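Peer 1: Listed below, chain by chain, are the residues.
Number of protein chains: 2
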Amino acid sequence: MSGGLDSCVTAAIARSTGYELWALHVRYGQRTEARELQAFHAVADALDVGAEHRLVCSLDHLAQIGGSSLTDPSIPVTDADLGASGPPTSYVPFRNAHILAIGVSWAETIHADRVFIGAVAEDSSGYPDCRPAFYEAFNEAVRLGTVAGTIRIEMPVIGLSKAEIVREGVRLGAPLGQTWSCYRASDVACGTCDSCALRLRGFQMAGIEDPIPYAVRPRYA
Amino acid sequence: MSGGLDSCVTAAIARSTGYELWALHVRYGQRTEARELQAFHAVADALDVGAEHRLVCSLDHLAQIGGSSLTDPSIPVTDADLGASGPPTSYVPFRNAHILAIGVSWAETIHADRVFIGAVAEDSSGYPDCRPAFYEAFNEAVRLGTVAGTIRIEMPVIGLSKAEIVREGVRLGAPLGQTWSCYRASDVACGTCDSCALRLRGFQMAGIEDPIPYAVRPRYA
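Protein chains in written order, with the working numbering: chain E, 1 to 221; chain C, 1001 to 1221.
If you're looking for bench data, these hints aren't it; they were derived computationally from the structure.
One or more hints might be untrue.
Stated by the list, open to error - A few chain C residues that face chain E, going by a derived Cβ cut-off under 7 Å, partial list only:
#, residue
1, Tyr-1028
2, Phe-1094
3, Val-1104
4, Ser-1105
5, Trp-1106
6, Thr-1109
7, Arg-1131
8, Glu-1140
9, Thr-1146
These figures come from a predicted structure and were not determined experimentally.
Ideal placement from N, C-alpha and C gives every residue a C-beta, glycine not left out.
Hey, can you work out the whole structure from these sequences and the hints?
Peer 2: What follows is the structure, encoded as structure tokens:
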């Protein structure tokens, strides 16, 4: 659970289908990590995940490795270009594999059999590690690389648009007002980075007012 | 490169086939991590890997997650039982997936197209993440989860016995005397933990004297 919209709704879906939630948050040297951690705890509180069921990990090596505007201060966070092809500057190379590996190691240790992740294929025009086929291949690696081979990764929102995710979150009473998505700021969301643009467009297409504050709210839909 | 035998010989093989080496070392809270780091640098020095081509990462969350005698002080390091089935207490859940993910993220950032790992299937009676099929599945996840899809993981010693790895290392002039394998001690290898037992048996079956000091040298072959 990053503290963002997609993982919040994913957690609400997992809970609504009967799973007990254990919540993983990963810091990786991104600019807004303190704000995201705060959002993670606020979302976990709202979903009744006890403190003893939360794990906060630091992947400092993703910042050491660099290559992304999220973790390298020398690369600026660009404004969104939702029509562009290729990965945006915010792409962190192979990031989701690290997050999945932690989730699987934790699941194997606590004898959980499902790892939920809020990956969204709509973002995958630019992020290769958000493609459904990536998760299918990773699931096969999990089956072969763990002792019992019974852990599965689930991506319940991967086929949804952002607007559908917003609507599903509202339907399930997910704490959307506690989430944080902006890559640039930690007090008032900028409204123009990749993440704000995707989020705002989703709320606009769902016809729902985004409850968090923005510096500017361009029309993306 | 853990600082151990298998990754040392793997690096020597990669170099002998024409690759420029960039060396990754991962600490994960294991008991002997300081000794392994020292061995990593000694091996990298011997293989002429410049300091600017080395990356040392800490996976502290593997110790946070626990579940292994390597990272959890409350679980003793047991003596080897090379005939036992199931993973030994030293198994760190899904560990190699974390190491591969770092290697792939680094490779994608520096535009390398191969990630070598010294996984050995002989160990895989107990470690599921040493099975060849795990690497094949992970390679598919790498192809689908990276931008260019051209990075491949190579496991040149995965099909070799420890004795064959020792012989290959000697043939290539790999710095075997600089390596460290013991899970238990940092000055004189114990000779009886899983890792010492596999290593000593390999040297004994190769008919070569292991150049490092041991407290005891049982006959395993």
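Peer 1: Take the hints in turn and mark each one as holding or not.
Peer 2: So, going through the hints one by one against the coordinates:
no.: 1; hint: Tyr-1028; verdict: violated (10 Å)
no.: 2; hint: Phe-1094; verdict: holds (4 Å)
no.: 3; hint: Val-1104; verdict: holds (5 Å)
no.: 4; hint: Ser-1105; verdict: holds (4 Å)
no.: 5; hint: Trp-1106; verdict: holds (5 Å)
no.: 6; hint: Thr-1109; verdict: holds (4 Å)
no.: 7; hint: Arg-1131; verdict: holds (6 Å)
no.: 8; hint: Glu-1140; verdict: holds (4 Å)
no.: 9; hint: Thr-1146; verdict: holds (6 Å)
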